[in-house]
Structure formats: C-alpha cells, structure tokens
Amino acid sequence: MASLVGSRVERKEDTRFLQGKGRYTADINIANQTYAVFVRSPHARAKIKSVDTSKALKSSGVVGVLTGKEIAEDKIGGLIAGWAIRSEDGSEMKVPANPPLAKDLANFVGEPIAVVFAETLDEAKEGAEKVKVDYKVLKAVVDPAEAMKSDAIHDGVDKNLCYDWLLGDRKAVDEAFSKADKIIKVDLINNRLVPNAMEPRACVVDYNTASEEITLYTTSQNPHLSRLVMSAFGGVAPENKLRVVAPDVGGGFGSKINVYNEEIVCSWASKKIERPIKWVAERTESFLTDTHGRDHVTHAELAVTNDGKFLGFKNETIANLGAYARVFGTVTPTYLFGPCATGVYVIPAAYSNVKAVYTNTAPVDAYRGAGRPEATYTIERLVEKAAMELGMDKTEIRMKNFPTQFPFKQTLVHTVDSGDYVAGLEKAKQMADYAGFEARRKKSEANGKLRGIGVSSYFEACGIAPSAAVMSLGCGVGLWESAEVRFNPTGQISVFTGAHSHGQSHDTTFAQIAADELGVPMENIDVVHGDTDKGTFGMGTYGSRSLTVGGIAIVNACKKIVAKGKRVAAKMLEVNEDEIEFKDGEFVALKSNKKKTIGEVAFACYLPGQRDEMKSPIPEGDEPGLIESSFFDPANFSFPAGSHICEVEIDPDTGNVKVEKYTAVDDFGRIVNPMIVEGQVHGGIAQGIGQALHENTQYDETGQLMTASYMDYTMPRADNFPEFNLGFTCTHATSNPLGVKGCGEAGAIASPPTVMNAVIDALGGQEISMPATAEKVWKACKSMKKSNAKAA
Amino acid sequence: MLLKITCDVLRIYSGRRHLMTKVTLEVNGKKVSKEVPDHTLLSVFLRDNLNLTGTHVGCDTSQCGACVVHVNGKSIKSCSTLAADVEGSKVTTIEGLAKDGKLHPMQAAFKKTHGLQCGYCTPGMVMSAVDLLQTKKNPSDQEIREWLEGNICRCTGYQNIVAAVKEAATKM
Chain A
1 MASLVGSRVE RKEDTRFLQG KGRYTADINI ANQTYAVFVR SPHARAKIKS
51 VDTSKALKSS GVVGVLTGKE IAEDKIGGLI AGWAIRSEDG SEMKVPANPP
101 LAKDLANFVG EPIAVVFAET LDEAKEGAEK VKVDYKVLKA VVDPAEAMKS
151 DAIHDGVDKN LCYDWLLGDR KAVDEAFSKA DKIIKVDLIN NRLVPNAMEP
201 RACVVDYNTA SEEITLYTTS QNPHLSRLVM SAFGGVAPEN KLRVVAPDVG
251 GGFGSKINVY NEEIVCSWAS KKIERPIKWV AERTESFLTD THGRDHVTHA
301 ELAVTNDGKF LGFKNETIAN LGAYARVFGT VTPTYLFGPC ATGVYVIPAA
351 YSNVKAVYTN TAPVDAYRGA GRPEATYTIE RLVEKAAMEL GMDKTEIRMK
401 NFPTQFPFKQ TLVHTVDSGD YVAGLEKAKQ MADYAGFEAR RKKSEANGKL
451 RGIGVSSYFE ACGIAPSAAV MSLGCGVGLW ESAEVRFNPT GQISVFTGAH
501 SHGQSHDTTF AQIAADELGV PMENIDVVHG DTDKGTFGMG TYGSRSLTVG
551 GIAIVNACKK IVAKGKRVAA KMLEVNEDEI EFKDGEFVAL KSNKKKTIGE
601 VAFACYLPGQ RDEMKSPIPE GDEPGLIESS FFDPANFSFP AGSHICEVEI
651 DPDTGNVKVE KYTAVDDFGR IVNPMIVEGQ VHGGIAQGIG QALHENTQYD
701 ETGQLMTASY MDYTMPRADN FPEFNLGFTC THATSNPLGV KGCGEAGAIA
751 SPPTVMNAVI DALGGQEISM PATAEKVWKA CKSMKKSNAK AA
Chain B
1 MLLKITCDVL RIYSGRRHLM TKVTLEVNGK KVSKEVPDHT LLSVFLRDNL
51 NLTGTHVGCD TSQCGACVVH VNGKSIKSCS TLAADVEGSK VTTIEGLAKD
101 GKLHPMQAAF KKTHGLQCGY CTPGMVMSAV DLLQTKKNPS DQEIREWLEG
151 NICRCTGYQN IVAAVKEAAT KM
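Here the protein sequences come in this chain order: A and B.
Here the first sequence stands for residues 1 to 792, where the numbers follow the working numbering.
Here the second sequence stands for residues 1 to 172, where the numbers follow the working numbering.
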C-alpha cells in the first residue's frame, strides 16, 4: 500500500466549505435567543464615574443590561496572562487586573463597560445607545517608547513597566564588542498589526436550566483551554458544567487564542437571564478589541570582524503589551523572541533585553510567528547592513556564519536538532537566479526604476512545546497534546484531537497519518476536534504545534491500537504475538501466512464471548473494545529553517514598490501533504509582505484607533503579489517519530526582513521603516536624488 | 444612482426602523417571499430569513467580499445591498452553485488547487470568480488578480486561488 504521508491529497473539508455548508459560530442560532451588544469605552483612558442603565432597561425589546458592578458582585474573574516572566533583578512581572467589564477605569478604546441583551439585534443596539456612562477623561499613554516616562495607567505598575527581562550575558557581550573591527547598529520599529482573521469573533451561549450546563459556541483556536481558563479563573461554571464548542473557525493567526471579555460575559449572563445569547463582532469591534501583534521598538547591534565573522549581538527592545497582559502577551516578546534573535548564526556572545510596557491601546498578543518575526527582522536587518558596510556579498556573509554541525547549540537557549542552512541558501540563490540580478537591476534602471534584492535566512522554534522546559520558563500549563483513536466495531475510525483546525486542514492531514499507521483507507477515518464534549483534552492550535505535537499523539495512539490488535490477532490465529507482523492493515502469522485484517480484529475486540470455535479472542489481561489514547509531550521544540530572496522594483516618481520575484526555500522536515504545506507558506509570505509594505495600526495621540476598518487598514489583496516560487530542503526532526517540523508561521517570519532588505537595497542603503508605503518610499527616493545630486 | 443611494441611506437612518416590507425573490431557483424590516440587507435576508449561511459577512463596509452573491447573474456584495432593492430578482448563492450533487467547475477547481484554507472568504471568492469567467473566458493572471481585488483572503496568499480560476477556465 502506497504511503499517504507525502502525497498531495485533496482536502476532505473542502466539500462542505465550497458549498456553503461550513458551520461557523455566527451561523448558529438557538430558539429563543437574545442578541448582545456591548457598550464600549470611546476613550483610551478614563475614569468611569457612573453607569446609568435605567433608560436602556426601558428600551423596546431589552431583556437585560449588565455592568462591571454586577460582574464584580458575582465574583466573576478576569482575563489572564498565561506566562509569568521575571525581571533581570529577579522580581515578578506586574500584571494589572483585567475585569471582563470595566468598572472603575477604562484603559483602551473599545474596552467593554456594559452589555445589553434584547429580542432583536436592532433593539439591542438601540438599548446600548441609551446606556449613559459618565467618564472623566484622563491623559492616555499611547507611544510605547514614551510609556516609562509617562503617568502609570495601572495602580502598582510603576513606570508602566510589566518587566525588564534579560536573556544572555552582558559582560561577555561587552568583551566581544571590545574585540570587534566594526559595530553594526540598527534602530527598528516592528509595526503593530491587526491579525484580521476573515471571520469576526463571535459567541453563542446556551444555558440549560435543567442540567445547569452552559454550552458556549465560540471562535476559538483552543476550546479546551478556553474552558479551563473560564472555569478556573473566570469562575463561570465548573469544567464539567461548561461545554465549549469551536465549530468551523474562519482563521485565527493567534487572535483567537485568548478567552475574551465577550465570551466570559455572555456565558455568565446566559445563566443570569436564563436565555440563550448571541454576539457577533462587527469588523470595527474586531479591530478595536482583537489582540494585536508585534509593536516593538528595538535598538540592536552586531559586532563583526572585517572579514565578516560575527562576534557578538545585543538587542534592547521595548515591547508594547497594550492595556493588559493576556495569554501569550508576556512570553511573545521574551522567550519566543529573545532566543531566536541571534538567528541562524554562530555568535559567541549575545543578549536580549526586553522592557514590556503597558499603554492605553488594545492588548498585544501572539500573531502568526509571535516573537520570531520580530527576532528575525532584528538579526536579518543587521546582517544585511553588515554585508553592505563591509562590502561583502549578502549571501556570503550569511554562509560564513552558519553552523555546519548539528545539533547546533544556539547562543541563548535552543539546541537545534537538525538542519542544513547552507543547502537552503544555495538552493534559494539558484532558484532566484541570484547571479543574474545585476543584469535585471540595470534593465530596471534603464526604465527609470530602482531595483533591489533582499535576502533573509531564518530559523524558528515552534511546535510548542516541551512542558517541562516551558513551565520552567514561566508557562502556566504544560504544552503537550492529546489524541484518542476509536476503532468502531464496523470498521470506521474516529480520531479525536485536542488540536483545532481553523484553516490548517487537520481533517485531511491527520487522516493521512492515521490511515498510514492503521493501514486503512482515509475515507474510513473522521477527524473530530473543537468540542470539549468530544475527545479528551487538548491545548489547541498555535505556535505551529498541531502536527509536531498533536499529530504525534495520533501516531502514538494508533501504535497502541496496532499493539493491542497484534495480541488479539495472535489469539485469533493461534500463534505467539512475536510471530505476527502488521503490514498494510493486516496482521499476518509469519509461519502460516494466515491473516486477519485490522477490521476483523477490531470487530473481534468488541466480542469477548465465545464465537464459532473461538473462545474469547481477547487475551487474558486485556479489556474488550479498541480505543486508545495518548498524551504526547515533545522532547524539544521543532526548528524549521530556510532562506528567502525577494526582488522589488520601485517607481521613484510614485514611490510604489512592486514585489517582482519572491523565492522561498524552507526545511520543514518530512512533509505530510506538500499541497497543504505550500498553501501555509503562501499565506505566511503574504502576511509578511503585508507587514513590510502595507499594514499598519495607527493610534492617534489620544489613543483613538485611526485604522479601524478595511477602509483605513490596508489588507493585502490579490494584485499586491507576484507568484511565489517555493522550494524545499529536508532534514528530519529528531525530536518526533515522524521527523516533522512546523510550517505554519515560517512564511510570516522570513518575509518581512526579506522584503525590507530588498527595498533598502533598491534605495541604496537608505533605511526606512515598515510598512514601506508609497509615501515613505517616494520621500526616500527624493532625498536619494538630492544626495546623489550633491555627490555629483 | 446618487438619488438612489441617498434614499437608501435616509431609509436606514430615518428612524423608520420597524416598517416592514415584503420581499419576493427567486433564490437558487426557488421563489421565496418574506416580510422583513425595510432596512434588511440582502446578506441578512439570506442568512437570517432563509438560513442560507454560506453567504458570509466579514467587514460591514463592502471591502472584503465574503458576502458576494449573484443577482440576475452578476456578482454583487450582498452586505451593502438592501433586500428590497433587488425585489423580483434571481439570486444565486454559494448553496445554489452545485447541480445534482456535482460541484460546479469553479468549486471543483478550488478543491483541486487548494484554493481555500479556513473557508470563510471562499463562498464570496467562488461567486466572484464565476462571474469573472462569465465576463472573460480566459483571463490572464494579472486580470484574475485585479478582478479579485474586492475579495480579501487572509489564509492563502491568493496564489492557489489564481490557480483555481485558471483551472476552472479550462473547464467552463
């Protein structure tokens, strides 16, 4: 039987999505449901003096109005930070309370203050307009670079500083820098982004007054984790009385990891008003309240020798957490960022120092890549600048500092199990026709255009994560994943996974894996996820972990099925267990060549009594049935890596940047479904190009979000991209039995520096910040002309 | 046209929120008639009144295209069209594209080329792409990308969507 792993299998889930049969949260309606509309703070920072709900309560169709006062009285807990990060001086991080409905202070525009429930959506909107909130507006803290010098926005958080974190050795770095021929320096802004999953957040809550069970349908990347947080910290209901269902979810990119205010409030309120509740975000609500991504201000330096060897690296970053610390908010700019900031290079000494600050803006959390795009942007901008200043070829300087031995002990934290960075960059150069670039540059020049080429080489730590390692770094939970494989008596198989697919194609890829392990057709396998009532438990999907952690749990559960099957088959075939071989779905007695299919064995597992000549086929010590589960905890992160090359052409008259060519060569270890992996890379690159050229989240000085709709926030469109040229190299991961590495975030990690390096190359080394919009580039072209004229 | 838009805006914001109007349409080949508030958008009419939830709403400002359906054979954004304004029209939604249990060539092409991931933008994307091929038989890559400029996808980077349209062009 040919292996399904490695094949371009078409997706099982497509049949329903393509016919409009997907079932997203907003598609769900429950009889007798009410509609929720939230009253949100119009101010970035304000004292809430009073909330008057009397007029709203009298408004037509309004069923109930609840405020921060009631939720506090009911002792419903707030939103949480999932990781405890310590400062360099050993002190604990400072985390302010984040109540689901603000009672005394509003800390960002869009923060929920009250909620109105009504018979129709229109009536709920009218009711919400009648809630009168008396605010005392305070001066907002908006700019992260100024936050430490501004008024403290939270009681007990001095200088608005959550932590001042250090990873690495300052003294060793100082020594390394003292030996350098040259110090390369960059000042970078990693622009704030809004993840913008196409499906706005939503929740539908149904409270059953008889069983006292709450069912929450929600747009979550991790329903089990949501239940845990809502139960343990929110106190909404005990875990056994709370069912969380994340049905089809229309994209996440990190923005649907957190449990949000609306889910806690609606779940709590449904019990209070004894009615089902539906809430669906409008796009502007999503812009205002979904967790945002990135937002770093960085100064970094690289110490080099004249022949291009790297000696030391330092990174001083201010990370904007927004108004509150959320689930991955505190770890994204520390352990997901710092260790990767030394990139794919042997650098003897390094440190990363991160000061995380609170501001009166939406909370910042994981967004595709989470910390690793910021890290890669920092080191790859430095490396490219070093090549420029030393007059070296930009690929040569990289090759010169790549590790050649694996495992590679990276400077700060990770031991990278496998890779071949030289092979990746060589292949990228060849595919991109790197050697032919100068000719293309001249051709562009002849047409009055500026052409630039940019390179970046990256590695990242994903497949999060080994529980012992992350818990020692401050993670509040273990990051294992679970699976259960149920072999039903009549031969169909249900695979339950704690991972969640919101575009990642688990219905297909997980079925491919299980089909190979069990030797049955993929069509016999259903992958079940997204419902805490179905399947054991799970940590969900983020950090490119579904396959490398969740997929391996499936493999291990399947192996247990086969192991039990072998014992049963041995009894059925009247031989010893060690005389049985399992191959292509059949248990074969090696001597006699008698066989039982896995289907026959499964059926027998459910018939423990006498049948024909056979006394029970279940061996002594085994139980009936054929259901196995596994909790897999990886031994290490997975470390995908690669090199990307981009060419841009700039029209100096308009400042317009056109991405002419984009080549990506990635090493994801063994690939389960090349078609799906290519799709992940395409999407990641597009988001990264979006960051580099188009997207920016802009608050004004009072903390109003100026980019709160698709009229103002530039989402990349089809005509912004060329066709991406993808290639792969393969070194197997050694930390899991499939040899796989994560692939979901790589594109978004590698592409921003690749594109910006190309833009800066086209501008003759003139540095500009992301996004390189036409306006910025046009200005840069003008000043380039001026300095050229002066030089002439 | 300007007058029509002005009238629509006035109708929505004039406070006559509870005036009901009867809307009769032919949706996916079936005649339907419903009494709805007169400011009901076509997207809301399809989703809430007819339970055709394949038409999605992604932005409320007519930018993302998740809500694209066909009205009398042409693609339009149903989130910025009043149901009452298309009274008497033939409407085709994503649910009406497959015939006799067989995927439309555009749907089959999206599946073959992996032109979708989370599936949220997909219905609008497919409806828009079908209209493109009705308008132009063999569009170039650039023409496809420009046509789809009004449909935002956050997952695919558009590459496999372009491939799907090209694949469908060989079958339609």
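Take the hints with a grain of salt, since some may be wrong.
Said to hold, decoys possible - To give a feel for the contact side, a few chain A residues facing chain B, derived at Cβ under 10 Å:
1) GLY90
2) PHE233
3) SER505
4) GLY679
5) GLY747
Quick caveat, the hints were computed from the structure, so don't treat them as lab data.
Glycine is no exception: its CB is placed at the ideal position from the N, C-alpha and C atoms.
For each hint, the structure was consulted:
Hint status for GLY90/A relative to chain B: violated, with the closest Cβ pair at about 41 Å, above 10 Å. Interface hint at PHE233/A: violated, since its Cβ lies 28 Å from the closest Cβ of chain B, which is beyond the 10 Å cut-off. The beta carbon of SER505/A is positioned within 10 Å of a beta carbon in chain B (closest approach about 7 Å), and the interface hint is therefore held. Satisfaction of the interface hint for GLY679/A is found here, the shortest Cβ-Cβ separation to chain B being roughly 5 Å, below the 10 Å cut-off.
The interface hint given for GLY747/A holds, since its Cβ lies 8 Å from the closest Cβ of chain B, which is under the 10 Å cut-off.
The earlier numbered hints that this structure contradicts are 1, 2.
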